[in-house]
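Engineer: Make the full structure from the sequences, and use the hints.
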Amino acid sequence: MDSRLANTWRLTVNEKKFIETALASDLRIDGRKPLEYRKLTINFGRQVSVPIFRPFFFFFSCWVLSVMEDGSADVQLGHTHVMGFVSSQLVQPYRERPNEGTMSIFTEFSPMADPSFELGRPGESAIELGRIIDRGLRESRAVDMESLCVLAGKLVWAIRIDLHILDNGGNLVDAANVAALAALLTFRRPECSLGGENGQEVVVHPPEAKDPLPLIVHHLPIAVTFGFFSTEYTMVVDPTHSEEAVMGGRMTVTVNASGDICAIQKAGGVGVPQSEIMRCLRLASDKAESITKNIKDAVEAFNTERMLRKIKRHSTAVAANVSIENDVKGQKDKLAGQRVNESSMSQMERLKLKPDESSISQNDGLGSETRSSDQISSQRAEGNAPLFLGGPSSWDPHTHGVDPDFLKASLAAQGKSNPKAEQSSEDSDDDVAMQEKDASEDVKPPSLATDSSETVEEQKTSIVKKTLKDAVKPKNRRRKKTRS
Amino acid sequence: METKPSNGSPAKFVDQLVVPGDVILDLSTMAEQTIKLGGGLRQDCDAISVIKAGILRFSKPNKYWVESSQKRYVPCAEDSVLGIVVDCKPDNFLVDIKGPSVAFLPVLAFEGGTRRNIPRFEAGTLIYVRVVKANPGMNPELSCVDATGKAAQYGALKEGLMFECSTGLSRMLLSSPTCPVLETLGKKLPFEIAVGLNGRVWVNAGSPSIVIVVGNAIMKSESLTKVQQKIMAEKLLQRVQQE
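In order, the protein sequences belong to chains S and B.
Each residue of the first sequence is one higher than the last, beginning at 1 in my numbering.
Each residue of the second sequence is one higher than the last, beginning at 1001 in my numbering.
FYI, nobody ran anything at the bench for these hints, they're computed from the structure.
Just so you know, these numbers come straight off a predicted model, no measurement behind them.
Hints should not be assumed to be uniformly reliable.
Derived lysine-lysine pairs resembling BS3-like cross-links, with alpha carbons at most 27 Å apart [to be verified]:
hint : chain 1 : residue 1 : chain 2 : residue 2
1    : S       : Lys16     : B       : Lys1089
2    : B       : Lys1133   : B       : Lys1060
3    : B       : Lys1133   : S       : Lys17
4    : B       : Lys1187   : B       : Lys1226
Examples of chain B residues toward chain S, derived with CB under 10 Å [said to hold, decoys possible]:
hint : residue
5    : Val1050
6    : Ile1051
7    : Ile1055
8    : Gly1124
9    : Leu1157
Where is the CB? At the ideal position from N, CA and C, for every residue including glycine.
Structural biologist: Dropping the structure here:
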């Protein structure tokens, strides 16, 4: 009880009296006029340099959480400081709305912002704030929900807006609303498409592969809060913290720039005549216009900078020596990403196939080939990066001319692991085996060469057969082979 | 808190930024000296170490403390603070001084205070008080009289506007020579001011507009240098006089 007494913010009698007397002569304690808004500053979180992207691929239960630098806004309204953060994940839609995404708002009132905020359950004001913003955004259908549908009835994007109150200087609703809007406008969700043989498999493209998509926001519902004082219908816009403690009632009007009223919330006990409400609505639409402009300007500036940053990143990637290596890796990652699902499935099959490898099916040869060529390219990329400078086809691990020395070295290592297979297929083409042996003598011990010569042969042919097509879509082909 | 010896040269730390963990004095090298420690310092055996970030201050002959600017106040004896009465109990008034716990103001701690003439403070009254005791683990104790038992300006503040600022700003306002904002404004505008070391400032004047001007000028000067403060205050005065 003692700590609570010390932690609640309280207003002195002097302050209360002063605010009322000053308002009688149209003065407010921070020097504003009654109908003046505080300065609104919007910043965007661009500090995060490495986007964290965690894709998981399953059949129907896709659970993708993307945490990126986009979709985070930091809004300061005078003293009030609110951070909005938007994230998305793939979920199953509600049964009654199978083809619409979902949007939810979560508020966090940190005790750092105001000593009267307590940790744990959200308080009354936290719930009210969340509801007002939720109503403004959802009921007015500001965000296009149908475009968030991936697979009707199965998978939709769920948008989550987190609002963190960092400092409480009064009028949290308006600041939080602007933060939510700014975060929504800059948020980008990863693009996803349907793939797989039945067309029901969802592939989420990482941001490097396909540019993430912005949300479709039809209009911006802006919340404007009015405070009413019991004395002679005195009314102020954008009340500060201490004015909030003195005022008898408040009304939040959510309007968009074109003057459509999206939501009204009236709290507190002071009665307000109809004419006053109409006046508030008119004032609110005026304010909404200027705030909308403010938000749009900030978002535009952010987007321009975003584009510029992207261009810069590309140009450095081409120019720099090391980045070629990265490029090769990126390509491979992309392929690996597409193949993750496939590989998790075929892992089982491969394991099954391992014991009777002596029969060397075409399928298994292909599988081991992809592995080995990956290995080679990574070796090349890491070890011989300078060699690749200006090389014409260094970007693709499958089509570039394979360095025979490396191939043999790596294959020899592989061959060593299952000598049983080699023994069984020793009696094939002797000429080629000898050739291989001669060529590879300088690289590795001859004993290994003889062991693995057959596998080398086998795999070399499959390399020759491969084209660019194989590199792009390996999974269909492989599955066909598995089935056959 | 008193410790015996002191001799070493802490001069290299004085008026410098210190952070928790810095050892500013080594008592084993000093003998036969008394030093007094203020807020933000702690004695670990022979070492005096810092427990909060701020600037180390030294006052001759032997006082050391750490000054920092923060939103919350850590009570310290002999500070003059502005408190808000929270509740009245038979023996004490409970007063909020922005500290970690409410402070007690004994009902008899007024000039000529007896059981017969207990002042009546309603909840929300702003009072200017002095911290008498500030021991860790106990509620701080306040008093409305100075050491000699005189009222000496302490007591309830009527009218006016109280606003909160950081403890650093209130210390700057109290520093001597008078800080430029107050000096410049005080030459042209008549106003009353009471500054509490706990980061509360009370301003009163004949008209609300003067109070608002002074209050905002003070709050703005938090991040300004002395010259900037003076320029800001002069510009403000010009604008006020034009209107």
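Engineer: With reference to the structure, classify each hint as holding or not holding.
Structural biologist: Evaluation of the provided hints:
Pair hint lysine 16 of chain S plus lysine 1089 of chain B holds up; C-alpha atoms about 24 Å apart against a cutoff of 27 Å. Of the pairs offered as hints, the one joining lysine 1133 of chain B and lysine 1060 of chain B holds, with about 23 Å between alpha carbons and a cut-off of 27 Å not exceeded. With a CA separation close to 32 Å, the supplied pair lysine 1133 of chain B and lysine 17 of chain S exceeds the 27 Å bound. Only pairs whose Cα atoms come within 27 Å are accepted, and lysine 1187 of chain B paired with lysine 1226 of chain B is accepted, the gap being roughly 17 Å.
Against a cut-off of 10 Å between C-beta atoms, the interface hint on valine 1050 of chain B is violated, since the closest Cβ of chain S lies about 23 Å away. With a cut of 10 Å, the hint placing isoleucine 1051 of chain B at the interface with chain S is violated, because the nearest CB-to-CB distance is about 21 Å. With its C-beta approaching chain S no nearer than about 24 Å, isoleucine 1055 of chain B sits outside the 10 Å limit, and its interface hint is violated. A cut of 10 Å between beta carbons decides the hint on glycine 1124 of chain B: the least distance to chain S is about 4 Å, and the hint holds.
Look at leucine 1157 of chain B: its Cβ gets to within about 7 Å of chain S, closer than 10 Å, so that hint holds up.
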